[in-house]
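Novice: The chain contents come next:
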Amino acid sequence: MLMTGAQILMECLLEQGVDIVFGFPGGTILHVYDALAGYLSITHVLTAHEQGACHAADGYARATGKVGVCFATSGPGATNLVTGIATAYMDSSPVVCITCNVGLPLLGKDSFQEVDITGVTMPITKCNYLVRDVADLADTVREAFAIARSGRPGPVLIDIPKNVTQDMADYAPLDRNEHSKAGRLAQLMKRSSQDFRAPEPDYWDIDILADMLRASQRPMLICGGGVVRSRADREFEAFANRIDAPVGITVMGAGGFPGLNPLATGLVGMHGSQASNIAVDACDLLIAVGCRFSDRVALKPGSFARNAKIVQIDIDRSEINKNVETDHHIVGDAKRVLQLLNERLEQLEHAKWKDYVFSFKTETEYDEAGDHMTPGQVLDIIAKVVPRDAIFATDVGQHQMWAIQHLHFEYSGQLVTSGGFGTMGFGLGAAIGAQAGNLDKPVVLITGDGSFRMNLNELSTVQYYGLPVIIVIFNNGTLGMVRQWQTLTCNGRYSETTLDRGPDFVKLAEAYGLNGRRVADVAELEVALEDALAGRQATVIDCAIDIDEMVRPMVGGGSDITRFMVD
Amino acid sequence: MNEISRHTLAVLVDNEAGVLSRVARLFSGKGYNIDSLAVGTTYDPDISRITIEVLTSEKQARLICSQLRKLICVHSVKRLDAAKSIRRELVLIKVAAPTHEVRNEIIQIANIFRSSIIDVSTSSLTIAVIGDDSKAEAILNLLGEFGILELVRTGMVALERGEDTIDAQTKVKDEYDYGKNVL
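So the protein sequences, as listed, match chains A and B. Numbering of the first sequence is given in the working numbering, commencing with residue 49 and proceeding in unit increments. Numbering of the second sequence is given in the working numbering, commencing with residue 8 and proceeding in unit increments.
For the record, the hints were derived by calculation from the structure and aren't laboratory data. Hints may contain errors.
In silico DSS-like cross-links for lysine-lysine, where the CA-CA straight-line distance does not exceed 27 Å [claimed, not checked]: (1) B:K77 with A:K229; (2) B:K77 with A:K114; (3) B:K66 with A:K357.
Input sequences plus hints: build the corresponding full structure.
Specialist: Right, dumping it as structure tokens:
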């Protein structure tokens, strides 16, 4: 059927089962938005800023496991996506960004709102495309989605010059299951070297690991983001129970293993619990699943798990031995590898080792500090009031670490947080995306006053689309994490971190047409949360906490994992 | 493992716009300096072959290879073992030759190295040398005293000796993925 490029794009989104797109229109993407108006089965969420759209698509992808899609126009529209794309890239989140560029005759002439966005995003996408011919459009979109979601997922960008969105081409519908059998994707599938296909794990390697486990007295498991991306919760929990080993989680792995399982030792690494970090140091076999040993986990690669044989299970071969030298590795999808391991292993027992590990604290207790609530108290109330299946989004900083330390996530996709890139301002957009993909579940955004100020313009999006997001601001009047570092490493010189300025978050919420509540104690917080949940109304809850609260424990960057700067 | 040495990588890529910058970016982004790079189309016009020489450790070389393989535009990557491959580079050297005697001397040197004179003028000679880096270095040492006016290298290209090709045996288990692929 003869269609315009813009219509072909919409048809291709339908092929992929896309029902929601986040974006912001503009001059070059005009015809795409014109076509969009004719496709009623695709909901468009108009954000306040393209960055919010990209974070929303990312949050949607993380919470649902499906590919998130966002639209932006050329030039500033496209570059506004960049932080969002980098965030998705670092955390392996499948997002397809569609930008339009100036028409081909104007390309390369510094035309109005022109930018070489494929050049800009080259280091932060799995792949990107500039579609020069409308005849290639359908194939390119199919390839882009396949690449975004397969193997180790990640963002892909398609840049379409304006004239290509108007040009006509013949479009033949193709079922998604047939995509890999036709066109460019079929060509790609023939290549032996493509990592975008998940390699079937080597059974020999699995048997070796099974033998290593049988020989181990003190095994330790790390649940990384790969478990969450692979939605391998059940296999991972079965594996942990089978080998009877303590399980530490990384920031990205939160949700991959139930926080209330008696084997959970909590976060591992810079803000890892005593139990986790000491177990990593003392174990004789460390198995990391879907974890790349970032510098926030393996703080000092040379001494990390120094008494242990290290085994890495990852879908991405280029992660093996990248940060930490391993003794054994298995390349494959976490779900499949764990299935195979579970089939081979009998029940193991390590009671003595567990007694040792769990003699250390798995959770930090905070002293009650007079007139303010402690972070622990705030989170305890949230955990008590909010339904157990609620989705949590966070921004970046102290509140993020507190949330991951104290909330016991139960399933993959329950926590939406920017781990690798540490993007302040990620939370609100991500919460919008997570809520849009899960209208039946409450979504709670835990944020700090510093992060929230960055992209709070998206409150208008929350209001307009009636998304019942509950926003809890840990308001300590400072950029808390930076202040903590200043306290510990800069002799308490608080250079430019104190936020002794507006806005008044309650009035701000009201200005956006949302409920705003300021709470001073536990009882008020409980009531505010209950009201927000009962009314299914977006509410901003401003929660004052002490300016000098710290995330504890803390190990300095580059130190041995058991050298706690703060207990 | 951490000693710095020269590694020769042969990379087959799509013959498309932007591919070279994708490959080169991978090196610059990680702070590796490319020593030599040569690109040209293969027998299949849709595929180009890039030969890259990089000074780095064994560990980094493996890492680069596995990261190159992740690029969608890359078909295959193979590290060429120096002992089992032939490396050649074309160097064009323009030497000052103001007099008849000097010209004769330079021509003699060129002949010894089996290189050819490809241009001559009253005050200069241009010589084309094909060889590995030791040959180019040797002739440059000798020609240096006459005054080298200009020099250009194509970058090293390399092929394995014998019947081995880049398409066969790219799956070194130790270095790359194994088993069968399934989407």
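Novice: None of the hints should be skipped; say for each whether it holds.
Specialist: Hint check results:
{"no.": "1", "hint": "B:K77 with A:K229", "verdict": "21 Å, holds"}
{"no.": "2", "hint": "B:K77 with A:K114", "verdict": "22 Å, holds"}
{"no.": "3", "hint": "B:K66 with A:K357", "verdict": "19 Å, holds"}
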